[in-house]
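Engineer: Residue-level listing of the chains:
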Amino acid sequence: MKILVPVKRVIDYNVKPRVKSDGSGVDLANVKMSMNPFDEIAVEEALRLKEAGKAEEVIAVSIGPAKAQETLRTALAMGADRAILVETDEAVEPLAVAKILKAIAADEEPGIVMLGKQAIDDDSNQTGQMLAALMERPQGTFASKVEIDGDGVSVTREVDGGLETVKLTLPAIVTTDLRLNEPRYASLPNIMKAKKKPLDTKTPADYGVDVAPRLTTTNVSEPPVRQAGEIVEDVDALVAKLKALGAI
Amino acid sequence: MTTLVFAEPHGDAVADATLATVTAAAALGGPVHVLTTAAGDAHAAIAGVEKVLVADDAAYANGLAENLAPLIAGLMAKDDTGYDAVLAPATTTGKNVLPRVAALLDVMQVSDIISVEGPKTFTRPIYAGNAIATVESSDPKLVITVRTTAFDKAEATGGSAGTETVSGPGDAGLSQFVKLDAVESERPELTSAGIVVSGGRALKDGETFEQYITPLADKLGAAIGASRAAVDAGYVPNDYQVGQTGKIVAPEVYIAIGISGAIQHLAGMKDSKVIVAINKDPDAPIFQVADIGLVADLFNAVPELVEKL
Ligand SMILES: Cc1cc2nc3c(=O)[nH]c(=O)nc-3n(C[C@H](O)[C@H](O)[C@H](O)COP(=O)(O)OP(=O)(O)OC[C@H]3O[C@@H](n4cnc5c(N)ncnc54)[C@H](O)[C@@H]3O)c2cc1C
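Residue numbers (this note's numbering), protein chains in the order written: chain A, 380 to 627; chain B, 6 to 314.
Hints are computed from structural coordinates only; laboratory data are not their basis. Mixed in with the good hints, there may be bad ones.
Stated by the list, open to error - PhoX-like cross-link-like pairs, simulated, lysine-lysine; straight-line CA separation at most 25 Å:
(1) B/K184 to A/K524
(2) A/K572 to A/K381
(3) A/K576 to A/K381
(4) B/K275 to A/K395
(5) B/K278 to A/K395
(6) A/K620 to B/K285
(7) A/K572 to A/K433
(8) A/K546 to B/K184
(9) B/K275 to A/K399
Unchecked claim - Which stretches of chain A does chain B cover? Using the computed rule of at least three CB atoms under 8 Å from a CB of chain B, they are:
(10) 432-439
(11) 460-466
(12) 495-502
(13) 553-566
(14) 590-596
Here a beta-carbon is modelled for each residue, glycine too, at the ideal position from N, C-alpha and C.
Next up, chain B with everything else stripped away, as it sits in the complex (with noise of 0.2 Å):
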């Protein structure tokens, strides 16, 4: 069996999320191809990989789930050289695309695997990480996302794949993307970075938010994420969110300032190595689940922190 990763679109570089669901796919036992939207080259470095696919239509270029799925439908159901799963991290992208593609071919989709039991057998969590389900597949073919956090990530050198160029129907008139509004950010993203800090609902407001966290943040090399509460109050942009509907990340150190620990928000960090919680009140359940915790006002502890690191 040969599987089919793709990429997450990264400009012209590898996203991490990408060299996780690689290594994903390779305990699939097949070769693995990488399919991309951008040039080329840097996955076809990556370590493991046999061949990159090089889908360069423009109606490609801003992730639309119309035009990519009929294209990567068409790719997995060839009958020479088609696929027998498709895998894509579990990001924005990914959760968007796959659906549609596993729509188009009668497949029930297998979303966020943790782990890979066997050939059609996965887990992957539920009810908010409350419980751990094992399924088997039972259609010919697997469409899967990846929780990138669960998996290594491949080596991004040291692989030598042959690039092709692929072409699908293109865009299927039925959507166009206007724009996106980013945020530019010089810190290290979310999802990837070895350090995070994250405030809630005990911030304030956004000056405070700023005021507070960005300093700790600064000082530690971290990335910054947030609640939901501090995120619906307006504190920061909807892309910090961390939990079980924002993003999911397991970095070495993660410290929740101000922050009560509902299920909802453990969902998206309970995987980190090492959880710092500094709160006012000693019974939030966010010090059921910290290594190390600090009762205390956040307004004092925090510049006190920020000092003596």
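Pulled out of the complex, with its shape left as it was, chain A reads as follows (with noise of 0.2 Å):
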């Protein structure tokens, strides 16, 4: 079985996004650029199957600008086997994003793909469910247990009221929580090995997607910001201040 896993180059999470003053979005010149944190869990959970002899091949995809292949050559250090970038320097949104996908995975075969749950700038949430339905294939979302048993897979999903198991035939796709796993950092030789890995570069168009935007960003602005309020000296001055605004 082959495990697809698309991942995609966004703001590092460290770092705190600025808005540029003309509305137009958020600056990311010169601001430091990281694998999506559910995208690594998602590459991280490919390679234990595949550890564990349930998969053969974990090929990682990235739809984005050329500088994707940093993130695509990230997911290849961690132990991916070759990468597919396809290239383009549009903001593909979510639905294309999956269409691209559905034709990669007509292409590829692969028996999971496993996507991280949300990317950490558009906060979509779409992607994996989108893929889903495109493909008509089932969806274990928001995953933290995925377990292959025969020829179907078990995942436990984090939900609003606990955790929730669901049994999904394959191929599925499984997107990833935070508590999944805890993704490998690179080594110095991986990374220098995944230099020499194949990655294919294609674009939109050789699958037959339109990409054009569905959704027009207008505007984007800061949120109200909250104001730093008092430091109390102790906790009676707390309980006074409490009741004082009302709130108890």
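With the hints as a guide, bring both chains together as one complex.
Structural biologist: Okay, structure coming up:
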């Protein structure tokens, strides 16, 4: 079985995003970019399945600018076998990403497509579910445990009410939550080796997908800033202040 | 235009998340219908709802997206009685099901809206709430998830909608519900509680968390939340997590204890009315958003607070 792992290049999670003063977006010039943290977890899970003998090949895919190659090299350095870059300078929306992934999945026939549950830039949380719909396959979203058994996969999901377990027939789409695993760091020798692993470059047109956006972002603004309040001396003052604010 | 709300499954009762979603749906201007997979009576009483659709086929009972999405997409696409928009709360159910509906309709979903600015224009937080985007959809139909803390709840009573049973393709045969390990609690629900007491990594372990956080929450009748670090370390179950990737809360009072205030945590609670922080580090970022800060060792301050409240 192959596992397909889409990875996105996003602002590093440690960087505080700054909104551009003209309201056109978030300033990404000279900002540290990294692999979306949820996608790192997806790569790690795919590698663990391979190491456990449940999968033969892990293929990383990124849809984005030429620089997304770096993100793919990170996935390769972690242990993915090969990579596909679908290069475009457009900001591709989840629906179009799902369509491209569907076309890649039609070529590669993976048993599992393992995605991060959301990207920490647009926070959409859609791509895996959309891909599952387009492929007419089951989805195990927000996974904290993934177990292959026979021709199915059992997925434990982090839901608002606790932990839910579903059983999906393969091929299936899985989206990862934070507690699924702790991703490994790529070692220096593996980073060197990754440079020689195959990386194919394609375009959305190769897959016949129109990436024209359906949503137009007309403005991006700062959220209302909260003012820091008062530092109180002690617990008595805290209680008094809570009462004064009518909070209790 | 007529708008469909996919109700949050909540036994036979109406979830607060559904009430807030009805308010968002009403802001689109047209009549509002509600689709529920449980009994319809409680939903028919929601003020402002014109009709309730009840999908009582067992295939829909466990919230499986593979079965629900074709049902909803089918209702949306009907020629005569179709819908122009479907909204669901951005709960784990709504987030699981609606993008699948959107893809079936070839629509780009608008996730997690916090306001309705026009018939097809919405605002939504991006970058963990560090920016607010105004987005306009060009799709013929709208598929939307709603950040429920941003909308008032519709009145749960006063309405008298008619109910109608609906059916769809049923079991898609792709997935099976196995079990839900639910954490039973007598406490108010985290996302709708008036007061939330949250603990972080500083609480050391499950027992210490319980020993320090629970008495304070009991005293205040509060829900209990946690940072990711506290959940990862196993002090409390996953459904306690507040933040970018956990639950979004906006209570009257949010008390953060031993939580540093990482942006991913702030994303889940910074719309709370009053924020209180207890942390021994005066430079902890949580103090930048706190209305009341106390620089202290929680192991002394919290028991004293419980005593003096
Ligand atoms: C993709 C991604 C998503 C994330 N999503 C979330 C999310 O949804 N929610 C979330 O919370 N985090 C999330 N995080 C994690 C987040 O970045 C922080 O790591 C986490 O919030 C830290 O938790 P904490 O504040 O409990 O721990 P720490 O940052 O370790 O802070 C502990 C605090 O306790 C204080 N303290 C220690 N001892 C005492 C004492 N005796 N008395 C008083 N104070 C004391 C310390 O001064 C410190 O400020 C996410 C991270 C990533 C990468």
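Engineer: Are the hints correct? Go through all of them and say.
Structural biologist: Hints, verified against the model:
1. B/K184 to A/K524: 14 Å, holds
2. A/K572 to A/K381: Holds, because 21 Å separates the two Cα atoms, which is no more than 25 Å.
3. A/K576 to A/K381: OK: A/K576 and A/K381 at ~17 Å, within 25 Å.
4. B/K275 to A/K395: 15 Å, holds
5. B/K278 to A/K395: 23 Å, holds
6. A/K620 to B/K285: 19 Å, holds
7. A/K572 to A/K433: Holds. A/K572 to A/K433 sits at ~24 Å (cutoff 25 Å).
8. A/K546 to B/K184: 10 Å, holds
9. B/K275 to A/K399: 22 Å, holds
10. 432-439: Result for this restraint: violated, n = 0.
11. 460-466: It is violated, with 0 qualifying residues against the three required.
12. 495-502: holds (count 6)
13. 553-566: holds (count 3)
14. 590-596: Per the Cβ count (5), the hint holds.
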